[in-house]
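Enquirer: Each chain is listed here by its residues.
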Amino acid sequence: DTEVTQTPKHLVMGMTNKKSLKCEQHMGHRAMYWYKQKAKKPPELMFVYSYEKLSINESVPSRFSPECPNSSLLNLHLHALQPEDSALYLCASSQDGGFNYGYTFGSGTRLTVV
Amino acid sequence: DAKTTQPTSMDCAEGRAANLPCNHSTISGNEYVYWYRQIHSQGPQYIIHGLKNNETNEMASLIITEDRKSSTLILPHATLRDTAVYYCIVRAPGGNAGNMLTFGGGTRLMVKP
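Heads up: the protein sequence lines correspond to chains A and B, in order.
Heads up: the first sequence begins at 1 in my numbering, then just goes up one per residue.
Heads up: the second sequence begins at 1 in my numbering, then just goes up one per residue.
Because the hints were derived from the structure by calculation, they are not lab data.
Hints may contain errors.
Claimed, not checked - If you anchor each label on the Cβ, the simulated ranges turn out as follows:
1. A/M27 x B/S41: 16 to 24 Å
2. B/S25 x A/K41: 23 to 31 Å
3. B/I39 x A/G28: 21 to 29 Å
4. B/K69 x A/N100: 18 to 26 Å
As the list claims (entries may be wrong) - Under the rule of at most 27 Å between Cα atoms (straight-line distance), these lysine-lysine pairs were calculated in the DSS-like manner:
5. A/K41 x B/K3
6. A/K53 x A/K19
7. B/K52 x A/K40
8. A/K53 x A/K22
9. A/K41 x B/K112
10. A/K41 x A/K19
11. A/K19 x A/K9
12. B/K69 x A/K41
13. B/K112 x A/K40
14. A/K18 x A/K53
Said to hold, decoys possible - Looking from chain B toward chain A, a few residues come up when the C-beta cut is under 10 Å (computed):
15. P7
16. C12
17. Y34
18. Y36
19. Q42
20. Q45
21. Y46
22. I47
23. T83
24. V85
25. T102
26. G105
Glycine included, every Cβ here is placed at the ideal spot set by N, Cα and C.
One chain only, chain A, in its complex shape (with noise of 0.2 Å):
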């Protein structure tokens, strides 16, 4: 299994409500990370996890609460969001650091908030 698998591929919210993005990988990849991208925008970094622990949190809004439960699995916990969230959430995974194989991104959950 050489994919990143994200789920649901697509969100609708209110803004009160509380969801989960989820994130997979059979890879074995130690560090796992969450971006978000907004349309026609960069993948932007939002949190690092190296052996599931969170190493890198790039001052992201506590509404998005990460969680590595295993190995495997990344979650990312919404809660109380803003319409200005609204965008394609990134997962991506890898081995090393990403320096001799690159980062391996899943196909993304494209999060609505009305």
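Since chain A is already given, all that's left is putting chain B on it; use the hints.
Expert: Here is chain B on its own, set in the frame of chain A:
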């Protein structure tokens, strides 16, 4: 990590070579050049990387100038499926910051029939 400069957009005829330039004039000695691409509605895809030697794989070739201040990604026979945004990224290994992949603006390549 060093900053990169890429043209905003480029066109290429199908079947011809696509040459995508990237300027990284402030690159440090231990920084590698990476290329990713993002096809519409998909996540970015790793293409190739190099330090100072030219590199080739099944997807593309990477030519890095001798002074390492610029590079060119070559898609030898572009197809319509190569239409995507191509990102040139410079990064150094090691440390917490070395675990970050930061995307710049990229080049929007349109392959035309």
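Enquirer: Take the hints in turn and mark each one as holding or not.
Expert: Comparing the hints with the structure gives:
1. Between A/M27 and B/S41 the beta carbons are some 23 Å apart, a value that agrees with the proposed interval 16 to 24 Å.
2. For the pair B/S25 and A/K41, the supplied restraint of 23 to 31 Å holds, since their beta-carbon distance comes to about 24 Å.
3. Taken as a hint, the range 21 to 29 Å holds for the pair B/I39 and A/G28, whose Cβ atoms sit roughly 26 Å apart.
4. Separated by about 24 Å at the C-beta atoms, B/K69 and A/N100 satisfy the suggested range of 18 to 26 Å.
5. Of the pairs offered as hints, the one joining A/K41 and B/K3 holds, with about 17 Å between alpha carbons and a cut-off of 27 Å not exceeded.
6. Straight-line distance between C-alpha atoms of A/K53 and A/K19 comes to about 22 Å, which keeps the hinted pair within the 27 Å bound.
7. Proposed proximity of B/K52 and A/K40 is contradicted: the alpha carbons are some 31 Å apart, above 27 Å.
8. For the hint pairing A/K53 with A/K22, the CA-to-CA distance comes to about 17 Å; that is within 27 Å, so the pair holds.
9. Of the pairs offered as hints, the one joining A/K41 and B/K112 holds, with about 23 Å between alpha carbons and a cut-off of 27 Å not exceeded.
10. Note on A/K41 and A/K19: the hinted pairing holds, with a Cα-Cα distance of about 24 Å set against a maximum of 27 Å.
11. Taking the CA atoms of A/K19 and A/K9, the gap is near 13 Å; set against the 27 Å cutoff, the hint holds.
12. At most 27 Å may separate the alpha-carbon atoms for a hinted pair to count; B/K69 and A/K41 meet this at roughly 25 Å.
13. Restraint check for B/K112 and A/K40: satisfied, since their Cα atoms lie roughly 20 Å apart, inside the 27 Å limit.
14. Our distance criterion of 27 Å between C-alpha atoms is met by A/K18 and A/K53, whose separation comes to about 23 Å.
15. At its closest, the beta carbon of B/P7 sits 15 Å from a beta carbon of chain A; the interface hint therefore is violated under the 10 Å criterion.
16. Residue-level restraint check for B/C12 is violated (minimum Cβ-Cβ distance to chain A is 20 Å; threshold 10 Å).
17. Interface hint at B/Y34: satisfied, since its Cβ lies 7 Å from the closest Cβ of chain A, which is below the 10 Å cut-off.
18. Interface hint status for B/Y36: upheld, as the beta-carbon distance to the closest one in chain A is roughly 7 Å, under 10 Å.
19. The restraint placing B/Q42 at the interface with chain A holds, with a minimum CB-CB distance near 5 Å, inside the 10 Å limit.
20. Proximity of B/Q45 to chain A holds as hinted, the smallest CB-CB distance being about 7 Å (cut-off 10 Å).
21. Against a cut-off of 10 Å between C-beta atoms, the interface hint on B/Y46 holds, since the closest Cβ of chain A lies about 3 Å away.
22. A distance limit of 10 Å between C-beta atoms decides the matter here; for B/I47 the minimum to chain A is near 8 Å, and the interface restraint holds.
23. The interface hint given for B/T83 is broken, as the beta carbon of that residue sits about 15 Å from the closest beta carbon of chain A, more than 10 Å.
24. At a threshold of 10 Å, the smallest CB-CB gap from B/V85 to chain A is about 8 Å, leaving the interface hint in force.
25. At about 7 Å, the closest approach between the beta carbon of B/T102 and any beta carbon in chain A falls short of 10 Å, and the interface hint on this residue holds.
26. For the restraint placing B/G105 at the interface with chain A, the shortest Cβ-Cβ distance is roughly 6 Å, inside the 10 Å limit, so the hint holds.
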